[in-house]
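For the protein sequence lines, the chains are C and G, in the order given. Here the first sequence stands for residues 1 to 599, where the numbers follow this note's numbering. Here the second sequence stands for residues 1001 to 1091, where the numbers follow this note's numbering.
No lab work stands behind these hints: they were computed from the structure. Computed from a predicted model, the values in this text were never measured in an experiment. Check before you lean on any hint, since a few could be wrong.
[Stated by the list, open to error] Here are some, though not all, of the chain G residues that point toward chain C, as calculated from beta-carbon distances under 7 Å:
hint, residue
1, I1010
2, H1032
3, Q1046
4, N1064
5, S1086
6, G1091
Where a beta carbon is used, it is the ideal one built from N, C-alpha and C, also for glycine.
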Amino acid sequence: MRVANVSEAHGYHYRYLEIDVTSGAASCHPLQADVLQQMIGGSGLGTHLLMEHEAWKHDPLSSQASIVFAFSPLVGSPLTTSAKFAVVSRSPLTGRINDSLASSRFALAGKRTGYDALLITGRAESPSILVIDNGHVTLQPADHLCGLPAEQTEQQLRTAFGQEYSFAVIGPAGEHLVRYATISHSGRHAGRGGSGAVLGSKNIKAIAVRGDQRTSWFDTQGLVQQARNLSQRSFGPATEKYRELGTAANVLVFNRLHCLPTRNFQKGSFENAENLSPEAMNAVRDKMRESCAACTIGCTHIYSIPVDGKPSQTRIEYENLFALGPLCEISDQQIVLQASHLCDHYGLDTISTGGTIAFAMECVEQGYLQEPWLRFGSGEALHKAIHLIGQQKSLGISLAKGSRALAMELGHNTISFAPQVKGLELPGYEPRALQTMALGFAVGTRGADHNRSGAYEVDFSEHVDRRHAKVSQARLAVETENKAAMMDSLILCKFLRGVFDDYFAECASMLNLVTGWNLNAEQMVRAAEAIVNTKKHFNILSGWTPAEDTLPERMLTTALEDDTDAVLNRQTLEALVKAYNLERGWDEAGFLPDSSTRP
Amino acid sequence: MKIKIEYYGIPRQRVGIASEVYEFDQEEMEIHDVILAVARKHPEFQRNCMAGDRLNQHLTVNLNGTRFYQTENGTARDGDALLILSMDAGG
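Make a model of the complete structure from these sequences and hints.
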């Protein structure tokens, strides 16, 4: 096999663009092959660049803060699901590393600007559009776009700039610095951790990218063959669930297994779950299916709903349904779909929105928050709360900071039932009923998250008793986290993961065909570990302490109401965390072995 | 004995019902044999959910909402519920 020599550049541009939006100045920096072989691209590369720029030092909403849009070596290749980009910054919600991903044409056009990543610092004097045209950078006024939702913003930009450009934009929530505002592109969101607020703090309403600088592939013939093979497998049973029902198929399964978080994580099942299932929605609503650019799966299920008396549509995922439905004890299909539409309108992360509102509902019920209208089960209250958050009005100002900040504001140990880890609201996987996932949540570098740890896969297997965790499961949690780190850095969609027979070997093969490198599976595992270590290092430097690697107190002291066998105590979780840390090669407390990484 | 079979996700799409009860002469049965009985009754299930005489690798079985038996090596008894669902729980 021929291996590319150092002077041959395939798959990467081997450079990134740093843009200071205070002055509008841009500078190009080289990226070395040894760095890229370790950090790959996407989340890994973004985290590396934040470390280089010492982003842990700065308030994430300050002008000194950095935010990175990182592409990957596979972007633009014929490999299915590879048109993705990562947005990486310090999170204004958690204060820790945040990497959120989105798909489609922005990734393709962004990489064609001639850079593997765009790093943005500073703060524009007034609301602006950052335009990157083949590497040429300008700032244009965006006053006319202020207050517009993401979808309308993109429409206006497309009219003004033309079809050759792609756009990443923020909605009103990002402009108002809501700590869980998203960055949107073509109806998809880099959703978690508040990257929309980081962009908003820089007075950047939108980024427009265009370019014609394509990277070459080392072995085009081999790559096309592998891409065909992967596409073929992507049509098979491994992705059938996503094609036919979407992620919402989880609703009924999770409900049956008592792991569908309900009523602010007090219960694991919801008596009206059936009504929110895709099976029930398909029976009464028009639906269409859509794919991201360069994707053969087509997991996006878009449902018709009336909005303000007019026909409209909304994309539905399991996480929207869980967070805006059972978590707030709401079973009305239309109310939940409209709530999801509202989150898209403002540019809000649905998980943190639902989690924070459900927490506030419980605080009202317990008498810690004097907002009697905000009740579990009230669809009207849910919609009102989302509007208040998106517009940063009255109670919305507090809700916009997330459940952890709200709990600190309210006191009375309400933090014990705030549904968050490191400030990030938990997704729809009840940790007491899925205890390997509980570990994944506790140790996750960006907080409680189902995309950076796939430990629920372990709980859905016969290898473990999902409600009675053993420390031996820590190794399995590490393995799923490593796979996710690689997937988020290559970048490929996680819905493909079921098609691989030998995951890391196939990742190496794809990367080698693109770049001409000669990496093997073992080196890919080491790269994944290096990416996780770098994220941890960032967190340590930003003030992480071992006490953060835990779950809300109530989950460690109280059984699930409707499944009393689902108990997770503090001692068990601490033993799991310790085993995880040692499995990672860190010390028992979770610090990296190199003493220089201690704060 | 009676075993309730609950279908979720793709298996439900293929079989067209949410659940049904099977009656067997034995007092207990291997989960694998129960799956074969389901496949015999539902040709669509046989065609789309089985790989040979086993569930395809992307599906799994859960007994009574507690333990998973992906290899179908377990025992079902009278009154048990067998859930057939996707292995993939990604959301």
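Hint-by-hint comparison with the structure:
no.	hint	result
1	I1010	holds, 5 Å
2	H1032	violated, 13 Å
3	Q1046	violated, 14 Å
4	N1064	violated, 10 Å
5	S1086	holds, 5 Å
6	G1091	holds, 4 Å
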